[in-house]
Amino acid sequence: MAGYILRRLLQAIPVLLGTTFLIYFMVFAMPGDPIAGLFGEKTPPPALLEQLRERYHLDQPFIVQYFLFLGGIFRGDFGVSFSGQPVTEILAQTFPVTLRLAILAVFFELVAGITIGLIAGIRKGGIFDASALVISLILISVPIFVIAFVAQYVFGVELGWFRTTVGAGAPWKDLLMPALVLATISFAQISRLTRSSVIETSSQDFVRTAASKGLSRRRIVPVHILRNSLIPVVTYLAVDFGVLMVGATVTEGIFNVPGVGRTLYQAILRGEGPTVVSFVTIMVLIYIVINLVVDLLYAVLDPRIRYAK
Amino acid sequence: MPSNTDPKHYVAPVEETPLVAIDQVKAEGKPTNLWTDAWRDLRKRPMFWISSILIVLIVVVALFPGWFTSTPPDNNCHLADSNGGPAAGHPLGFTKQGCDVYSRIIHGTSTSLAVGMIVTFIVAFLGVISGAIAGYFGGWVDAVISRIADIFFSIPYILAAVVVMSVLSRYASVWTISLAIGLFAWPTTMRVLRAEVLRVKNADYVMASTALGVSKFRILLRHVLPNSIAPVIVVTTLALASAIVAEATLSYLGVGLPTDVMSWGNDISRAQNDLRNNPMTLIWPSIALSVTVLSFIMLGEVARDALDPKSRAQR
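Residue numbers (the UniProt record's numbering), protein chains in the order written: chain P, 1 to 309; chain A, 1 to 315.
Hints were generated in silico from the structure; no laboratory data involved.
Predicted model, so just to flag it, every value in this text is computed and none were measured.
Treat the hints with caution; some may be incorrect.
[What the hints assert, rightly or not] Distance condition first, Cα-Cα at most 20 Å in a straight line; then the derived DMTMM-like pairs of lysine to aspartate or glutamate: (1) K124/P <-> D142/A; (2) K124/P <-> D77/P; (3) K124/P <-> D308/A; (4) K216/A <-> D308/A; (5) K124/P <-> D41/A; (6) K201/A <-> D142/A.
[Claimed, not checked] Not the full set, but computed from the structure, chain P residues with beta-carbon under 8 Å of chain A: (7) T19; (8) L22; (9) F25; (10) T115; (11) L137; (12) I140; (13) P143; (14) L159; (15) G242; (16) V280; (17) I282; (18) I290; (19) L292.
[Said to hold, decoys possible] Estimated spans, in silico, between C-beta atoms of each pair: (20) E50/P <-> L63/A: 47 to 55 Å; (21) Q266/P <-> L63/A: 37 to 45 Å; (22) P258/A <-> I103/P: 37 to 45 Å; (23) P258/A <-> Q204/P: 49 to 57 Å; (24) P96/P <-> P86/A: 44 to 52 Å.
Ideal Cβ positions, reconstructed from N, Cα and C, are used throughout, including at glycine.
Whenever a hint applies, use it, and build me the whole structure from the sequences.
Dropping the structure here:
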């Protein structure tokens, strides 16, 4: 176990270095003037240009620049936004909101996805299974911003069930709708994953044994089938986090949720390159750490992984 | 003593063994392989036909928009028609700028499809080459390629594209946006192919070819790749669908295609400000986008079912 954790931690190091290097490379080693490129269509004042050039050490050789950037990250220095606020400070204000939104969304998608996937898998080939497939395919095909706009228009504007934008302090009540929208992306994946996993588990010998020793269906389904089918769903949650972050950027922008996603969205809209880069770097780092944690959790949950190698 | 060429006297009569099924295979029947089996399976499924017909239709619309509408999409717009409802010759009404919604959707098809195709090409090219080399040669080559793929895989590709496109905003075009998406979407294909190659390379026929003195490179091309490409076809079909969504998302976020390029993502992005007055200008391009994506996802799904014996057994 300790060996596995150590190996997994060591494997994460090149990925961490590589991703930060890649992001840095994308921004500062591409053809053209990187600083001017960061401003998009706008023309920045020369004083700001000079200041930025100094901040990003553009007078140094590329590799030195990268290590200075990396050193900054390790010291928790992600730079300063256009309004002069340190990025870490903005993060401290916005991250809790996004975290609450994400927790709600994951809760919705897990409850709905696992329930529907389980029923579809147990009654495979039935009407329920077929309609679940059609609905999940449609949900996968409709982009998140369309779902968000339609939900906002139908439930917010026409029916008036909830406020179209989230109020100050982002109360849980206002986060319900954005979280439901955010949950639709992964709900489809989770229900399909649960369904195929349930079908596979149902044909395993231990399920047949349980049935032949006279256990009731009511006990076999939750205890023997469902529990053993959830392993791929747990792994998916790590991938899901990346989906959630992209989804949150769009959903928070539309519902005006004061979270990390909206900050990134507004920075993109305003063409604030350095802020965009800082936030994407932070999101990628969080994503890698979450992946690592899920992998380790997975090893704790499933002894087969631990002893495989 | 029966002759050696006629072994049936050594074993139980065929009728008394479980082998009776073998006897029922018609001698004149052609040998089947994965592809003929898959085709037989595919053509029975309505979802395959629905998605194929839709895809053919979408491709025709993209290639010959003039066949479907005679209204020019971006000039000849009259502000007098701003946010107007359906009128004669304009079945879906008008945008805020007074342009014909239907015509814009028809003319925007080629953009989405082009991005989807170019990204798929990049993903297939990078993914197949790296996956085949990593899986087949193994060792340190595999370790290096897999770690590089891990790095690209750990950046959600829309976020990566956001960074690339905000730096390259002045060069934004169908090509740069496809490159930005494709450059970060290939690791999935690479991983799928690598796993397949690892499975296939230990097969008896590969060993037989090695024994016959066939070169390593030739074995890879002639035996290993053709036998491991099936799941790649499924993931690339799905990659095409997600590339179309990614383009629309980037255009929606404002770091996608330049605003003068006709695309569904741009139209949706522009219509969002008029959601309360004229929601249909947002809904129509969204429907076009979703139907296109759905067609490719359905095709990918049926292809997966047909090509994967494991999922076939489950149905």
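Comparing the hints with the structure gives:
no. : hint                          : in the structure
1   : K124/P <-> D142/A             : violated, 39 Å
2   : K124/P <-> D77/P              : violated, 53 Å
3   : K124/P <-> D308/A             : holds, 18 Å
4   : K216/A <-> D308/A             : violated, 27 Å
5   : K124/P <-> D41/A              : holds, 19 Å
6   : K201/A <-> D142/A             : holds, 14 Å
7   : T19                           : holds, 5 Å
8   : L22                           : holds, 6 Å
9   : F25                           : violated, 10 Å
10  : T115                          : violated, 20 Å
11  : L137                          : holds, 6 Å
12  : I140                          : holds, 6 Å
13  : P143                          : holds, 5 Å
14  : L159                          : violated, 14 Å
15  : G242                          : holds, 4 Å
16  : V280                          : holds, 5 Å
17  : I282                          : violated, 11 Å
18  : I290                          : violated, 10 Å
19  : L292                          : violated, 10 Å
20  : E50/P <-> L63/A: 47 to 55 Å   : holds, 50 Å
21  : Q266/P <-> L63/A: 37 to 45 Å  : holds, 39 Å
22  : P258/A <-> I103/P: 37 to 45 Å : holds, 38 Å
23  : P258/A <-> Q204/P: 49 to 57 Å : holds, 54 Å
24  : P96/P <-> P86/A: 44 to 52 Å   : holds, 47 Å
The structure is inconsistent with the numbered hints 1, 2, 4, 9, 10, 14, 17, 18 and 19, although it conforms to all the rest.
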